[in-house]
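Model the full assembly from the supplied sequences, consistent with the hints where possible.
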Amino acid sequence: MPELPEVEITRLSFASRIQGARTTGVRVGKPLRWPIGCDPQHLLSQSVGEVVRRGKYLWLPLESGGLLLHLGMSGSLSFAANVGEPGRHDHFDLSTTKGTLRLTDPRRFGAVVWSPSMHSGPAAKLLCGLGLEPFDAEFDGAYLKSALRSRSGPIKQALLSGAIVVGAGNIYACEALFEAGIDPRTRSSKLSLARCERLAAAVRRTLARALDLGGSTLRDFRDAHGIAGEFQLHAQVYGREHEPCARCSAPIRRIVQGQRASYFCGRCQRR
DNA sequence: AAGTGGACCTGCTAGC
DNA sequence: TGCTAGCAGGTCCACT
1 MPELPEVEIT RLSFASRIQG ARTTGVRVGK PLRWPIGCDP QHLLSQSVGE VVRRGKYLWL
61 PLESGGLLLH LGMSGSLSFA ANVGEPGRHD HFDLSTTKGT LRLTDPRRFG AVVWSPSMHS
121 GPAAKLLCGL GLEPFDAEFD GAYLKSALRS RSGPIKQALL SGAIVVGAGN IYACEALFEA
181 GIDPRTRSSK LSLARCERLA AAVRRTLARA LDLGGSTLRD FRDAHGIAGE FQLHAQVYGR
241 EHEPCARCSA PIRRIVQGQR ASYFCGRCQR R
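Residue numbers (my numbering): 1 to 271.
Hints are not guaranteed to be accurate.
[Said to hold, decoys possible] Simulated pairs of lysine to aspartate or glutamate, EDC-like, Cα-Cα distance not exceeding 16 Å:
1. K30 / E85
2. K190 / D93
3. K145 / E197
4. K98 / E50
5. K30 / D93
[To be verified] Ranges between beta-carbon positions, derived for each pair:
6. A246 / V28: 40 to 48 Å
7. H42 / S16: 35 to 43 Å
8. L12 / H234: 17 to 25 Å
9. R271 / T24: 52 to 60 Å
10. D212 / E50: 22 to 30 Å
11. H234 / S161: 21 to 29 Å
12. T24 / G87: 16 to 24 Å
13. R149 / P40: 12 to 20 Å
14. S192 / H42: 29 to 37 Å
15. E241 / R271: 18 to 26 Å
16. S189 / P40: 42 to 50 Å
These are calculated hints, taken from the structure and not from any lab test. Small disclaimer: the values here were computed from a predicted structure and weren't measured. Backbone N, C-alpha and C define an ideal beta-carbon position, used for all residues, glycine too.
Listed below in structure tokens is the structure:
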């Protein structure tokens, strides 16, 4: 579900409200992707620091370490003073003096993992292979060109891997490639510097636009106030197989790459 | 090292 | 109306 814009919108919707609160209770429901990795008692009576994002992960700092959160495909976080009884898909609650942070995740691909810090233990292991943040000044055409040099596979899969640049998932990778006029099947190492520059700019613009629009809500996504996004209404290619391309009217195509759907315009997007 | 396919889990929808 | 196959925003891991 949640790509970088959705994760960042979620963070913005509760980080300032939970900061400085003190933890008062923990409820662990059905198993998520990994075990939490600590005795839940260990999380009690600690003050909460500033929530930060790295890629699609959120780091929630506590005094004796912190929690690395991931929303998987169908996860969302809510934060409210009165949360009520947990529903069937509510698998983690962290109660604090300012409200309860609750992870709702029907498919349970999400995760809540304790780590002594962001830069050690399980968190470090999960974060260490990640590429640049898309809004980092270092992320530009020259960086992309260099990072893609050793990659023979399709550019779409290189973007999705997160090893070069983080944050673009299936929707935004498709949209960014459309904006840059690049066929998703193009071999990564074949992209010219000029096209790498266009692609880096397109990734940033696509993610920034999604942030402006509150992210994409296909079905599950809500921010921590329960508000849906509307980028999906503005998508040019994602989920639009057979519809006419907004730029040239050719029908949008759908193919499968690495077991994921790719949508693109066969006329506007070149190899 | 980089590419590929399978795995995890539930819910919804299109088609018969 | 009811069943089934196929599909869904992610990403780790084992294997080549």
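Quick rundown of the hints versus the structure:
Taking the CA atoms of K30 and E85, the gap is near 15 Å; set against the 16 Å cutoff, the hint holds. For the given pair, K190 sits about 47 Å from D93 by alpha-carbon distance, which is inconsistent with the 16 Å threshold. The suggested pairing of K145 with E197 holds, with an alpha-carbon distance near 8 Å, which does not exceed 16 Å. About 14 Å separates the Cα atoms of K98 and E50, which keeps this hinted pair within 16 Å; it holds.
Between K30 and D93 the CA atoms are separated by roughly 12 Å; this keeps the pair inside 16 Å, and the hint holds. Roughly 46 Å separates the CB atoms of A246 and V28, a value that falls within the hinted 40 to 48 Å. For H42 paired with S16, a C-beta distance near 25 Å fails the hint of 35 to 43 Å. The beta-carbon spacing between L12 and H234, approximately 20 Å, falls within the hinted interval of 17 to 25 Å.
One distance hint, 52 to 60 Å for the beta-carbon pair R271 and T24, holds here, with the actual separation near 57 Å. Look at D212 against E50: about 23 Å separates their beta carbons, and that is inside 22 to 30 Å. For the hinted restraint 21 to 29 Å between H234 and S161, the CB-CB distance of approximately 26 Å keeps it satisfied. Roughly 21 Å separates the CB atoms of T24 and G87, a value that falls within the hinted 16 to 24 Å.
The hinted window of 12 to 20 Å between R149 and P40 is violated, with their beta carbons roughly 46 Å apart. At roughly 52 Å, the beta-carbon separation of S192 and H42 lies outside the given 29 to 37 Å, and the hint is violated. Our hint of 18 to 26 Å for E241 and R271 holds, since their Cβ atoms are close to 20 Å apart. Taking the beta carbon of each, S189 and P40 are about 47 Å apart, inside 42 to 50 Å as hinted.
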